[in-house]
Each structure stands twice: as C-alpha cells, then as structure tokens.
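Trainee: Given chain L's structure and the hints, the job is docking chain F onto it.
Number of protein chains: 2
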Amino acid sequence: MKKDNDIITPFIKDPIKWYNDIIFKAELIIYGPTKGTMYFRPYSFKIWDLIIKNLTEEFNKEGIEEVKFPLIFPKSLLDKEKNHIEGFAPEVLVITQIGNKKLNDFNVIRPTSEMLFSDYFKKTIKTYTQLPIKLNQWVNVVRWENNTRPFLRNSEFYWQEGHTVHNNEKEARKFAFIIHNIYQKFLKDSLLLPVISGEKSANERFAGAINSYTQETILKDGQALQSATSHYLGDNFAKSINFKIQNEKNDFFYPFQTSWGTSTRLIGGIIMTHSDDNGLVLPSKIAPFQIVIIKITDKKNDNDLNSFIKKLYLKLRNKFRVKIDDSNQSFGYRIKNWEIKGVPIIFEIGKKEISNKKIILKLRTENKKREIKLVDLDNKNIFNFLKLNDKNILEKALLNFENKKIWIKNLDELKKNIDDKRVCYCYWFEDSNLEDKIKKETGATIRLLYHEKNQSLAINNKEKTTQVAVFARSY
Amino acid sequence: MKKDNDIITPFIKDPIKWYNDIIFKAELIIYGPTKGTMYFRPYSFKIWDLIIKNLTEEFNKEGIEEVKFPLIFPKSLLDKEKNHIEGFAPEVLVITQIGNKKLNDFNVIRPTSEMLFSDYFKKTIKTYTQLPIKLNQWVNVVRWENNTRPFLRNSEFYWQEGHTVHNNEKEARKFAFIIHNIYQKFLKDSLLLPVISGEKSANERFAGAINSYTQETILKDGQALQSATSHYLGDNFAKSINFKIQNEKNDFFYPFQTSWGTSTRLIGGIIMTHSDDNGLVLPSKIAPFQIVIIKITDKKNDNDLNSFIKKLYLKLRNKFRVKIDDSNQSFGYRIKNWEIKGVPIIFEIGKKEISNKKIILKLRTENKKREIKLVDLDNKNIFNFLKLNDKNILEKALLNFENKKIWIKNLDELKKNIDDKRVCYCYWFEDSNLEDKIKKETGATIRLLYHEKNQSLAINNKEKTTQVAVFARSY
Numbered sequence: 001m002k003k004d005n006d007i008i009t010p011f012i013k014d015p016i017k018w019y020n021d022i023i024f025k026a027e028l029i030i031y032g033p034t035k036g037t038m039y040f041r042p043y044s045f046k047i048w049d050l051i052i053k054n055l056t057e058e059f060n061k062e063g064i065e066e067v068k069f070p071l072i073f074p075k076s077l078l079d080k081e082k083n084h085i086e087g088f089a090p091e092v093l094v095i096t097q098i099g100n101k102k103l104n105d106f107n108v109i110r111p112t113s114e115m116l117f118s119d120y121f122k123k124t125i126k127t128y129t130q131l132p133i134k135l136n137q138w139v140n141v142v143r144w145e146n147n148t149r150p151f152l153r154n155s156e157f158y159w160q161e162g163h164t165v166h167n168n169e170k171e172a173r174k175f176a177f178i179i180h181n182i183y184q185k186f187l188k189d190s191l192l193l194p195v196i197s198g199e200k201s202a203n204e205r206f207a208g209a210i211n212s213y214t215q216e217t218i219l220k221d222g223q224a225l226q227s228a229t230s231h232y233l234g235d236n237f238a239k240s241i242n243f244k245i246q247n248e249k250n251d252f253f254y255p256f257q258t259s260w261g262t263s264t265r266l267i268g269g270i271i272m273t274h275s276d277d278n279g280l281v282l283p284s285k286i287a288p289f290q291i292v293i294i295k296i297t298d299k300k301n302d303n304d305l306n307s308f309i310k311k312l313y314l315k316l317r318n319k320f321r322v323k324i325d326d327s328n329q330s331f332g333y334r335i336k337n338w339e340i341k342g343v344p345i346i347f348e349i350g351k352k353e354i355s356n357k358k359i360i361l362k363l364r365t366e367n368k369k370r371e372i373k374l375v376d377l378d379n380k381n382i383f384n385f386l387k388l389n390d391k392n393i394l395e396k397a398l399l400n401f402e403n404k405k406i407w408i409k410n411l412d413e414l415k416k417n418i419d420d421k422r423v424c425y426c427y428w429f430e431d432s433n434l435e436d437k438i439k440k441e442t443g444a445t446i447r448l449l450y451h452e453k454n455q456s457l458a459i460n461n462k463e464k465t466t467q468v469a470v471f472a473r474s475y
Numbered sequence: 001m002k003k004d005n006d007i008i009t010p011f012i013k014d015p016i017k018w019y020n021d022i023i024f025k026a027e028l029i030i031y032g033p034t035k036g037t038m039y040f041r042p043y044s045f046k047i048w049d050l051i052i053k054n055l056t057e058e059f060n061k062e063g064i065e066e067v068k069f070p071l072i073f074p075k076s077l078l079d080k081e082k083n084h085i086e087g088f089a090p091e092v093l094v095i096t097q098i099g100n101k102k103l104n105d106f107n108v109i110r111p112t113s114e115m116l117f118s119d120y121f122k123k124t125i126k127t128y129t130q131l132p133i134k135l136n137q138w139v140n141v142v143r144w145e146n147n148t149r150p151f152l153r154n155s156e157f158y159w160q161e162g163h164t165v166h167n168n169e170k171e172a173r174k175f176a177f178i179i180h181n182i183y184q185k186f187l188k189d190s191l192l193l194p195v196i197s198g199e200k201s202a203n204e205r206f207a208g209a210i211n212s213y214t215q216e217t218i219l220k221d222g223q224a225l226q227s228a229t230s231h232y233l234g235d236n237f238a239k240s241i242n243f244k245i246q247n248e249k250n251d252f253f254y255p256f257q258t259s260w261g262t263s264t265r266l267i268g269g270i271i272m273t274h275s276d277d278n279g280l281v282l283p284s285k286i287a288p289f290q291i292v293i294i295k296i297t298d299k300k301n302d303n304d305l306n307s308f309i310k311k312l313y314l315k316l317r318n319k320f321r322v323k324i325d326d327s328n329q330s331f332g333y334r335i336k337n338w339e340i341k342g343v344p345i346i347f348e349i350g351k352k353e354i355s356n357k358k359i360i361l362k363l364r365t366e367n368k369k370r371e372i373k374l375v376d377l378d379n380k381n382i383f384n385f386l387k388l389n390d391k392n393i394l395e396k397a398l399l400n401f402e403n404k405k406i407w408i409k410n411l412d413e414l415k416k417n418i419d420d421k422r423v424c425y426c427y428w429f430e431d432s433n434l435e436d437k438i439k440k441e442t443g444a445t446i447r448l449l450y451h452e453k454n455q456s457l458a459i460n461n462k463e464k465t466t467q468v469a470v471f472a473r474s475y
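If you're matching them up, the sequences are chains L and F in order.
Just so we're aligned: the first sequence equals residues 1 to 475 in the numbering used here.
Just so we're aligned: the second sequence equals residues 1 to 475 in the numbering used here.
Possibly wrong hints are sitting among the right ones.
Treat identical chains as interchangeable: a pair holds within one or across any two.
Stated by the list, open to error - Simulated crosslink set (SDA-like; lysine to any residue; CA at most 25 angstroms straight-line):
hint : residue 1 : residue 2
1    : Lys123    : Ser327
2    : Lys323    : Gly63
3    : Lys46     : Tyr158
4    : Lys299    : Glu452
5    : Lys61     : Lys315
6    : Lys310    : Asn356
7    : Lys75     : Pro90
Rather than coming from a laboratory, the hints here were simulated on the basis of the structure.
Keep in mind that this is a model prediction, so the values were computed, not measured.
The following block holds chain L by itself, in its conformation from the complex (with noise of 0.2 angstroms):
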C-alpha cells in the first residue's frame, strides 16, 4: 500500500480493474477464503454502520421494532411456499452435516426470511387486535453465486429484511408504498444516487410476492442496479403456513403481509456511481470521516501545531466526524490516501497557515484548494461545504445518468442502445415471452415500470399504453 496508493487505473480503460482497484485501495474490503464472501475492514463497516443509523432513524418513526430471528431453519420450512422455493432453491445453501455426523434433517442457511417471519407470526398473533406488527433485522443472508462482484453480487451480504402484517389488503398495500417512499428519499437525498421508481414485471418479482416495487440505480457504466424492494405478499406466505386470525367476529382470516429490503450492494452502488479516477467519492450522511484534519509536515513533535490541531477537532467533533491523520506516513501519502478513501472535505493545516489564521480547505470534488480565515470556520460555514460537496457528486451522477437514458421506438433500437450501455425507456403491454427473448439476446431486462400521464404507442404493440418498461443491464 505504502508505494501504490496513487495507482488507480483509469475508469475508461478498464472499468472492473478500476473497480477494484478503489475497493482495494480504500481499504474497504479483501476476498475472504470462500468465493463471493468478503472480509468488511473497519473502513466499509462504518460506511455500512451509517447507512444502518439513518435507515434505522426512518423505521423507527414508523413503529417499526428491531428483532434477530434465527440463521438457520429445517429445509422442509422452505419448501412449504410454492413460488418462493422455486426461486430461491438453487442458490440456497444446505447443512447436511454435524462435523462428520450426518443430520436427519438437513438445514438452509436463510436465503431470505419470509418463511420465518410467517412462522413467527403464526405462533404469537392470534387476532386482530394486534395487528398491525413491523418488524425489522439487520442481519447477514447467504445465496450462492457463480459469478460474484464485491458489494454488487456477494454470496454472503448484509441487509436490512423487514416484515409486516395486517389486517387487510388496503392497509398492507399501503404499508409497502410507505417503504418504497423512504428507500427513494434515503437513496436520493442522503446517498445521491439517481434513482427510478417503479414495480417490477411478472418474470422479475420476487419469488412468492404479489406485486414488487423497485428503486433502480443507474451506475457509471449505464447497468442497472436494483437498490431497494417492497413487496406486497398479499396472502400467499400466510396460507402456505395456515397462518389464520380471528377478526372482530371471531371468524377466522388469513392476514396481508409485506417485506421489503436493501442490502450492502448500496455501497457498490455509491462507489459505481460517484467515484472517480482518483478513488471514492463519499456522500457527507455516509462518510465516516466528514473532515480529515492533515498538518502540513513530516514532523510529527510540533507542539504548537499539533495542539492547534487537537484544539480545532475538539471543536469540531461535536457536530462533525472528523479525524486527525497524525500517521507515520509522509504528507503527500496522507493526502493521497484520504482522497483516495473520498473524504468530503481536508483541511491542511501548517506553521504558517496557523501565524496567517488561514487554513486550507479542498474538497474531495473540486480540483481547487480554498483558503479560509480561522474566524469563518465555523459550523455553518462546514456545513455548507459539506452541502456544496454533496451538491456536485449529485450534478455529476444525475448527468451521467441522462447520457445514459434514452427513449426507444422499436427493438432494434432496443438492442443497439443496450450494446451502447444506455438505459433504455419504452412504452410497452406486459408480454413475458417477449421479455424473456430480450433478455436472451441482449443480456437486459425490464428494471421496472411505471406510467406516464399520457398515453403513447407501445413499441410491442399496436395500442396506447401509459406504461413505461425500462431496460436495462444489471448486476
């Protein structure tokens, strides 16, 4: 790390390499010893610790309680929902064995918890009066994959599940709404990501729900990544189960669920999205150091300087996450090193910054380093820095975003589009076949739809339709 860290190969040239060139350099991750699993070091973890608070923060003015369920359950509890099984029994990983001492009844490892949650709420609601319930856990899950990218397709990765019940559909159907909406706000506003919102169609909706939403990322490299999901399960998970309450008549009644989720493929997605050749880009919400404070010198007995220093991040810390590089390394490693973990703001500090009562200040997406008075540098002053920083990661992201979307007329357009890595949007009635077939040749799926206010010409058919298909590549 010591010689290298200013080696990041260009976005352009080889964007996998330059991937993984930051996550490494960064600090944020190594592979661990089973294909598809990584070992989070301190830096991810913070990132991932943050994005748990400000999640947790929205959940919980929605009476939404934290819960840990178990990691592992019988097989024949998997298999008990139709749709669900089928679509996650492939990838879903089975413990046959107690040391060398084989079990009777083999166990998964979860893929997902719907089926646990369902037999959770089986056996503690018992009538309506206690609904509705929302519960939530952070946690990790297992799904094996072939084909892995770390944070964007993981074998192990952590999430957030939640699960709900209600009374009736209207009430769960609304439920999901309400989580979609605080995924888009938190991805938009805190992680500025562009996003797209909608549902999902038949052949992408998770496995045993009824209606799916989505909140789509668009990445540096024009491929979708799906970031957020609510479902409305309707009642299928509680009839798997023979899940039933009793209303205000004692009559009996199978009760409406939702579950909804977003997972560590969020940082994948930030670093997809806003970094650059130069490393990370970290959104303010999300940075674990908001400002690295970096003296001026080698030198590491300054008396004046460093209590100068040690003054200002006492200041600082009550209302910023700040650091003090005071490391062995040399001042152009140090500030190459926190550029390259996409730290908002720096602010160099030396001798005779301190005598002129200036410091320096560059943030990590202006080219520019910015004198400013000791007498400015107050709270306000950060914060709007800090606002102004995520204000140009945001510009950037949203840009490249509308390079990549573009509205197609027929399927030719289609293919030639997704070949270019474009993102590509068209009225379109619902036709699994063809969708399938698309996929098939040109690797897209439809990320999601939504509806316009007017009608058009769909481009698979010879009617009107509000609804907007977007295709695209994913991870």
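Mentor: Here is chain F on its own, set in the frame of chain L:
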C-alpha cells in the same frame, strides 16, 4: 398472554419452569424451528442492543475498530490449528450442498473466527509498524448443542469476538488483561452480576489458547456461567498458517495474538441472577425502558390526563428511556406486564394524582409504592431512584452469591457441597486427571483458578500453595 400474565411458576417449586415462564411471559423470545435457535423478540433485542452499545463504548476507548468477517469458510481452513479443530469439530455445522448440488469444497459456519482473523491478518499485515491491530465484530456464531437452554446454551447465539495482533508477548498479554478488566467492570457495574475472575485450568482452556482468562457469574441456582473470556493465543494461530511479518531489522517473526468474547448468554445470566417470582428484574443500564408511565384508568380519552402524561414523557425522554403504556389492556394487566418485564421504575398517574400534584412511583425491587411530589420529580431524583433500584438488585445478588460460596477441605466435602448446589473454593495444585474424575463423579468443573495472598494446604497435595480452584456445576 392476556389472561395468564400473572402466573409464573415459583422458583423454589421448579427452577426450569420458572426460567421458561419468565422468558416467554416477558416476551423475550420464542423458540426457532431448529432446536437451539431462538427468535429474539423486540424486547430481548433491545437488551442485547444496549449491551452492544455499552461495551462498544469501552472498546472504542481502547482503539478497537469494528469489522464484519465472513459467516462461512472452507472446512480445510478450520483444520489448520490442531487443538482448535479438536475442540470445535464435533459441533461445527457443515455445508455440503448448494440446493441439490454437491459442493466440492465443504464449508463450515463459523463456530468462532480465530482462523478467519488470522487469515485476514496474514493478508493485510506485512510489517511491525502496522501493529498493534485491534478488531472486533458483533455477529452470530453456530455450535450444535444437544442440551439447549434459551440464552444459556444455544446452537446459534450472538456475541462479540475481538481479535488483536501485537509485536511482542508482553504487549499481547497486557492487552488480554485490559479486556479481562473491561469485562469485569461491565459485569459488575452495568449488569450488577456477582463475578469471580481468574484463569481457566488446562482442561477448560479455549481450544488453541495458551492462557484463558474468565469472568464467571454465580447464578441463583448455584451454577456458574462462563460470562466473558479473554485469551492469550501466543503465536499458535500465526504458526498454523505461517503468518510472519518483518521487524525493525527486516527479519521475519510470528506476531502475537489475543481473542476475547462475550455473548447473549449474558442475558441468561441476568435472568437467572436477578429475576424473582414476579418476573424479570433489569439493571438500569440495560433496561429497554427505565421508566414506564401507566395511567390509573382504563379510559383512553381523558384529554387532561393524556396531555399531562405526554408532557412528562417529553421532559423525561431527554435523559431516560421512557415509555407510556397507552395500550387497550386493563390497568391491572398493564401494571403486571411491566413488572414481569422488569422495568426499574413505574409511574402510576391518575386524575387524583394530578390535582394533588403528586404521582405514584414504584421500584421493581420494592414492595411499597411511594408518593412523589411533582416538584421533586427532577432528573437528579429519578436518577437516584434508578441507582437505588440497582443497589437493591446488586445486594440481593451478592447475598445469594455469599450463600452459595463455601470453602471445602477435602474431596468428600467437595462432592457433598456440589450436590447441595454450592460453589466450592479450595487450595489446589493443577491435576488434570483428578479434575476429570471430579467432573465425572459430580458434574462440577474448575471454573477458574486464582491466587490468594497467603499460602494454605492444597486439598489434593501435602504442600501449601496460594492457588485456589473454584469448583461448580455450570451452564
């Protein structure tokens, strides 16, 4: 739950039923579908979350950083440290299939992560200047258990596992003790548990460690609970995977490691130490709600009362974890429910109380109700009531511990007192064979060894020693 929330089997009648009544009626957990797994309901997750927050604060002060490492890894990696694999092989869960497809390389679910951390250290540490490295993770681990008991012995449990690397033995040993002391302080001061601290005998040592230091809690029933351990690993794990780094002279050496952990067993320890025949009793530091406000009426729409309570709640919320119970249940039910859940302070407030400018306050550890003038209801007084409740909890626990503790002079006394469910102290020379024999005959093991200031005659030798062994049955 509605009608039977007041029926807890008395401890004296049936300790096992008493324990189970409490965990189910306090809504801590229900059993998971696989034996030895549990659904952590919101109330127990909140307790665990507070344990995490309290300990993480202490870990941060020591410069320990949080990570997340893989859940699964190749079985071949586990096999590398000889003692380690001998200890864990019989209880490790083995993944042999993905769906119905046989895996070429079997994987295991982590029973602990020494091998993973060592692998990570080997891949990221090259030179002594990078040390010390201090990492921790809060995760789930799985060890198959045949005799399970909620919280006290589960197949899946949550824990933190810390792992550090040091340049020399002295520093590593010192750090193992720093953690040992953090645990001791936390168990005593925050969880109010009576603990004995010392070192494990060779028979009871962690598989792969050179020294294991333990905090043992003595429970209500006279059994010991290994509550937190800190291990000095020497260079055993480094050697097992040939993990060498360079020193100042560029020579290679094996660095020195520690590992340390505490788990959701602590919740079992809290229940089994502090609870009474009315339910849970929670220390203020880890009580999900320190204060619950209950209206002395079953009417919901008393606006004056509601707004008075809301105002009080908003005031208290800044300093305490407080909850208003405005559920549909009867007054009597609500009182009983929060007593079972072990809330330190209950406020009862009705119309009469408001007009008299008083409220009724009841501590979980007292049988009496107190009238408190509203003017006296300031943060300092409430804080003192929490302290008083904690003091009552600790005194009762210590009294029980003193009643269970006995010095024994020979093996006959040992056997008799173990059968009487006591914790037996004796001067002792290490003797693995005799230790094994005692275990077979009495079910008791040496929970720990420590040294008294003065020598005395050992019970298994004609010589004097300062070393004391503490024998007890354990969970």
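Trainee: Each hint needs a verdict: does it hold in this structure or not?
Mentor: Results of checking the hints against the structure:
1. Lys123 - Ser327: between (55 angstroms within a copy, 21 angstroms between copies)
2. Lys323 - Gly63: between (35 angstroms within a copy, 13 angstroms between copies)
3. Lys46 - Tyr158: both (13 angstroms within a copy, 20 angstroms between copies)
4. Lys299 - Glu452: neither (62 angstroms within a copy, 49 angstroms between copies)
5. Lys61 - Lys315: between (31 angstroms within a copy, 19 angstroms between copies)
6. Lys310 - Asn356: within (18 angstroms within a copy, 53 angstroms between copies)
7. Lys75 - Pro90: both (13 angstroms within a copy, 22 angstroms between copies)
In this structure, the one hint that does not hold is number 4.
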